[in-house]
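Participant: Just so you know, the protein sequences line up as chains A and B, in that order. Residues 1 to 202 in my numbering are what the first sequence spells out, letter by letter. Residues 1 to 202 in my numbering are what the second sequence spells out, letter by letter.
Since the hints were derived computationally from the structure, they do not count as laboratory data. Don't take every hint at face value.
No copy labels: a pair is met if it fits in one copy or bridges any two.
To be verified - Simulated crosslink set (EDC-like; lysine to aspartate or glutamate; CA at most 16 Å straight-line):
{"#": "1", "residue 1": "57", "residue 2": "176"}
{"#": "2", "residue 1": "57", "residue 2": "175"}
{"#": "3", "residue 1": "57", "residue 2": "161"}
{"#": "4", "residue 1": "57", "residue 2": "43"}
All of these numbers come straight from a predicted model, not from anything done at the bench.
Protein chains: 2
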Amino acid sequence: MIFWFEYGSTYTYLTVARIDALAASADVVVDWRPFLLGPLLKDRGMAQGPFLGNPPKLDYMWRDLSRRAQAYGLPYRKPSVYPPNTLLTARIGTLAAMQGWCDAFTREVFRLHWTEDIAIGTDDNLRRALTTLGRNPEEVMVAAQSDANKQLLRAATDAAEAMGLFGSPSFTIGDELFWGDDRLEDALAFAQSPGRPAAGQA
Amino acid sequence: MIFWFEYGSTYTYLTVARIDALAASADVVVDWRPFLLGPLLKDRGMAQGPFLGNPPKLDYMWRDLSRRAQAYGLPYRKPSVYPPNTLLTARIGTLAAMQGWCDAFTREVFRLHWTEDIAIGTDDNLRRALTTLGRNPEEVMVAAQSDANKQLLRAATDAAEAMGLFGSPSFTIGDELFWGDDRLEDALAFAQSPGRPAAGQA
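Please take these sequences and the hints and turn them into a complete structure.
Facilitator: Laid out in structure tokens, this is it:
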């Protein structure tokens, strides 16, 4: 199952915190796939996501998110930065996915943002996360800014757009799309079902 | 608990079909409250809801809705009319709520739309639903178009806007808002919880 996500998406925090245990229980392999939601929305004529520009919906999102975190037993502290600037984080996540440490990196980046208010996209957030993972921040940042890696993130964003994604988190198993943390369990159940595409097709 | 809804909302079908049994199990009294989502969105500078103008999200909505209906064991047939014109239906629903038969009327209106493709808002849909309920369609339509009843629907829409609603279905218990069929169970659990406002405040 491919887990497509944008680092600036608030509900994605719930999924990042939940997906490992649920996927392990379901015996489903998760392919972490960062992409950029902004350019994808802009290509479709939308200047922004569903919350900015709709204050009541934005207010509700924060309320709902804190309730969901509480229901799932997850730590939650409303971040002071919204929306964060996620370009560099997404580039590092893309490099990490290629090298096999995207899950650990992403969990730590979100943990810092959502429990210590060390905002995603800031130098502090990235350096702390990378250091915690035993990685050299300078080396990683240089590699993440290489043309090849930038192109890789662009390719993931293009693929997300081509597959009809419109938000984060999204989950795909072959052509089947599930959107939202609320559908994580359904996506995993579908990935387990007998009629699912073989791993090579997903 | 107040159940606020727009007759043209697709996900509201799931709630209309599910809420009676769930509310009875939870021992929660439901106050059915039709409102018009269009004017509320327009007041906030939005020309339409989240699906029209975003074709991938619209496609996903239909897919997700059919999967949810299947998961809940509800009959589902994709309606040929979308979005329906819901003004007269909402006016009749408002009259029905005042007279205590909004739940039965709304269930039948949605059933015709979602299982027989007799579109909400059409004369056929309204006449059949009213006749099934043993009501005289002509008499009901005249009463629903009275100035007093029109004003009642406007008042419900204004109240929805003032409470920060932005979609359908929505559920409120005092000031606490839950949005979406996915939150129906949470709303009912909250309505049951010891710290909830007394019925008179909700």
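Participant: All hints are to be evaluated individually against the structure, with a verdict given for each.
Facilitator: Hints versus structure:
In this homomeric assembly, residue 57 and residue 176 come within 16 Å of each other (Cα to Cα) only across copies, at 14 Å, whereas the closest approach inside a single copy is 28 Å. Proximity of residue 57 and residue 175 under a CA criterion of 16 Å is satisfied inter-copy only: 15 Å between copies versus 30 Å inside one chain copy. In this assembly of identical chains, the alpha carbons of residue 57 and residue 161 lie at most 16 Å apart only when taken from different copies (11 Å versus 24 Å within one copy). With identical chains, the CA atoms of residue 57 and residue 43 are at most 16 Å apart between copies only, with a shortest distance of 14 Å across copies and 23 Å within one.
Against the hints set out earlier in the document, no violation occurs for any number.
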